[in-house]
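Below, each chain spelled out in residue letters.
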Amino acid sequence: MLKFDEMYTQLPIEGSDIREHYKAYGQWLARQPGASMRARREEAEMIFRRVGITFAVYGAKDEDGSGTERLIPFDLIPRIIPAHEWRSMEKGLVQRVTALNRFIHDVYHGQEIIKAGIVPAEQIMNNAQFRPEMMGVDVPNQIYSQISGIDIVRAPDAKGNGEYYVLEDNLRVPSGVSYMLENRKMMMRLFPDLFSQNRVAPVAHYPDLLLETLRASAPPATAEPTVVVLTPGMYNSAYFEHAFLAQQMGVELVEGQDLLVKDDFVWMRTTRGLRKVDVIYRRVDDDFLDPEVFRPNSTLGCAGLMRAYKAGNVAICNSVGTGVADDKSIYPYVPKMIEFYLGEKPILNNVPTYMCRNKDDLSYVLANLKDLVVKEVHGAGGYGMLVGPAATKAEIEDFRKAVEANPSGYIAQPTLSLSSCPTFVESGIAPRHIDLRPFVLSGKEVQMVPGGLTRVALKEGSLVVNSSQGGGTKDTWILEDDASPAPAVASQSQKQSA
Amino acid sequence: MLSRTADHLFWMSRYTERAENTARMLDVNYQTSLLPQSAAVARVGWQGLLSISELLPAYNTQYGDIVPRDVMEFMVKDEENPSSIISCLRAARENARAVRGSLTTEAWETQNQTWLEARRMLRDGEFERDPAQFFDWVKFRSHLSRGVTQGTMLQDEAYHFLRLGTFLERADNTARLVDVKFHALESDFYGAASEKDQEYDFYHWSSILRSVSAFEIYRKVYRDVIKPERVADLLILRADMPRSLHASLVEVVRNLAQVSNDQSAETQRRAGKLLADLQYGRIDEILATGLHAFLTQFLDRVNELGMRISRDFLIPSSS
Chain Y
1 MLKFDEMYTQ LPIEGSDIRE HYKAYGQWLA RQPGASMRAR REEAEMIFRR
51 VGITFAVYGA KDEDGSGTER LIPFDLIPRI IPAHEWRSME KGLVQRVTAL
101 NRFIHDVYHG QEIIKAGIVP AEQIMNNAQF RPEMMGVDVP NQIYSQISGI
151 DIVRAPDAKG NGEYYVLEDN LRVPSGVSYM LENRKMMMRL FPDLFSQNRV
201 APVAHYPDLL LETLRASAPP ATAEPTVVVL TPGMYNSAYF EHAFLAQQMG
251 VELVEGQDLL VKDDFVWMRT TRGLRKVDVI YRRVDDDFLD PEVFRPNSTL
301 GCAGLMRAYK AGNVAICNSV GTGVADDKSI YPYVPKMIEF YLGEKPILNN
351 VPTYMCRNKD DLSYVLANLK DLVVKEVHGA GGYGMLVGPA ATKAEIEDFR
401 KAVEANPSGY IAQPTLSLSS CPTFVESGIA PRHIDLRPFV LSGKEVQMVP
451 GGLTRVALKE GSLVVNSSQG GGTKDTWILE DDASPAPAVA SQSQKQSA
Chain C
1 MLSRTADHLF WMSRYTERAE NTARMLDVNY QTSLLPQSAA VARVGWQGLL
51 SISELLPAYN TQYGDIVPRD VMEFMVKDEE NPSSIISCLR AARENARAVR
101 GSLTTEAWET QNQTWLEARR MLRDGEFERD PAQFFDWVKF RSHLSRGVTQ
151 GTMLQDEAYH FLRLGTFLER ADNTARLVDV KFHALESDFY GAASEKDQEY
201 DFYHWSSILR SVSAFEIYRK VYRDVIKPER VADLLILRAD MPRSLHASLV
251 EVVRNLAQVS NDQSAETQRR AGKLLADLQY GRIDEILATG LHAFLTQFLD
301 RVNELGMRIS RDFLIPSSS
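Residue numbers (the working numbering), protein chains in the order written: chain Y, 1 to 498; chain C, 1 to 319.
The hints are simulated quantities; they were obtained by calculation from the structure and are not laboratory data. Backbone N, C-alpha and C define an ideal beta-carbon position, used for all residues, glycine too.
EDC-like cross-link-like pairs, simulated, lysine to aspartate or glutamate; straight-line CA separation at most 20 Å: (1) Y/LYS401 / Y/ASP360; (2) Y/LYS185 / C/GLU106; (3) Y/LYS91 / Y/GLU445; (4) C/LYS139 / C/GLU106; (5) Y/LYS401 / Y/ASP371; (6) Y/LYS185 / C/GLU109; (7) Y/LYS115 / Y/GLU339; (8) Y/LYS276 / C/ASP262; (9) C/LYS77 / C/GLU126.
Selected chain Y positions facing chain C (in silico; Cβ < 10 Å): (10) GLY233; (11) LEU245; (12) VAL251; (13) GLU252; (14) MET268.
Looking at chain Y on its own, in the form it has when it is part of the complex (with noise of 0.2 Å):
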């Protein structure tokens, strides 16, 4: 199978080039002594810990059985993205989520890609993410994924040469912004000379962005809108980033417990009385926002939250109901929804699938399951899903089972070689398999920060880079532009003559 590595022209490394983009970083990495990289690493490790900045892995305990709290591993070689590529690909990304929106804006009004025959209309009515409830409810700017995080891969096309596809849409509470965030943090503490050799782009802007774009979603009347972030509180894996996205952009972190509909509005509940809602930006599932519509018995919601929703009386981002776009079933469709909403050609590629739901894709997927990767419809983090070739016979054929017992349920794709990066491992330096997922902005218009959260899957040969499998992450550099990086500037200054 061809490989792609981000930072050598070919694998393995003997012998090889550094890419051109790579060359000032390559060469301040071979100057480094590994016992220096090693110290900084647990440095960094340090730090993580004394700032908090964990996740909790459900059902686990730590070493001394008294907490659920991980570090997410750092890897301390950054994955560098050219400017023109990142250009490129930052003008796919606002075409696919501008199209994202259109498509669901579209099934909860006039529907008109089901009646242009495009997506067939039980692909999306039988989708367990339909919302119903939310049927012609409109929302301002019609926006309804302001927060997008869209999962690209690289992998090598038939010469070899890289290419981006988009590996998922997800439109429903995506994370890992905090990471991206916190790892560049991480790597100007560590490592404040790289950045004054190369040009990376900043993107600490991105809480600033957020606040923006939750703004601009307010109920058209709020002059002064309050914005909170609703979080399912601090046993939810992604609490840190709830608390830390809240701090960033001075607005209040509520509960469910604390937040109360009357009058169709919504309020929470200070020191000083009631204080009206304005725009909530909820890291709780659909499932559980609001008990007298959905799970009647969620404590983590509020109840009356889609009456005022619907009133118009709240803004909720993202949306309710964005589930039924960023489902694997619908993902093959999104291409044909780029041309059919906006005319245009689609700028990212989407990883070709097999829909199981299809005939001749079922018995396809079936007859090659040992070379394919099979991903339940409705499943998420890494979970339930098979990577035929690294697979054991038991394993495909328990998968073939649930296949042919349900085969909606189940797309397939090609088993990609996802690009690798040198990561720092306990070996030494090593190529492991990166992915990519940066966050799209959707308010008054679609905006992004030149970045994204890369993760590594750090196991050797792993393709699964989910922080619940033991992935890990990566700061991921934009280069400011393609020219050749600054000449490294001596660390200390020239002594003024007088």
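Use these hints to put chain C onto chain Y, whose structure you have.
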């Protein structure tokens, strides 16, 4: 601010203060236990420490007899004991974590680091190796926690609820400490007859002073030998003694005024009245009516203030 946020901040600082005071009491008892004394006297000291915190029954159930090593373990490391130092530090950190966005980065990291370090030290046996050093460390982490909030936080509601928690807890802890120490002494309050008893008293009074860092302060203020009524005066009525009941109530009243809302007038009135009793009280009057009675009533009133603060600010109202 959110009522829930205020509640977490209030309890974060209460638990931090409680951990510090527990360390102070344990430290003094530990130091005293190094002096030559009878087993019975030492026992009274350890037992008093447990009864201060109303933990004697829980201890007896779990450990049985009073054994210094067991009492220390129970009060420092026992995670089943909600008042042990590790439990307080964990509770402080969990409360901080629940509202980490309302704290400055430094304030949160201080809480988090304290808990991580405490766990590590206890796991590595550092407490057993040198209890005094561990107690010092706990005290200094508490100083640091207060200093970091004062030095970095905006003086908004979050800050005032933190301060409120600190001083309400301190008023409670100092009152308990004074009560149990005076109570434990069965000798007549106005001095013991024998010289040996006098010496014994000296160590007890000075241990009370040391436990609130007030030994040198006493000398400086009174320029006198250690006399029980002056110890009581210093710890109850002096406004310039940072851990006295009077000084604690000044802060409670001040911070309460900063967060007042539509329903808190009665709570403020009661806090003000309690402060006035300390401002205009005299130690001879207090001693004449009985110190234990005075302190018991004081603790009840502080406890009631705590409940009123919860009701006025911290427990979300449904209307």
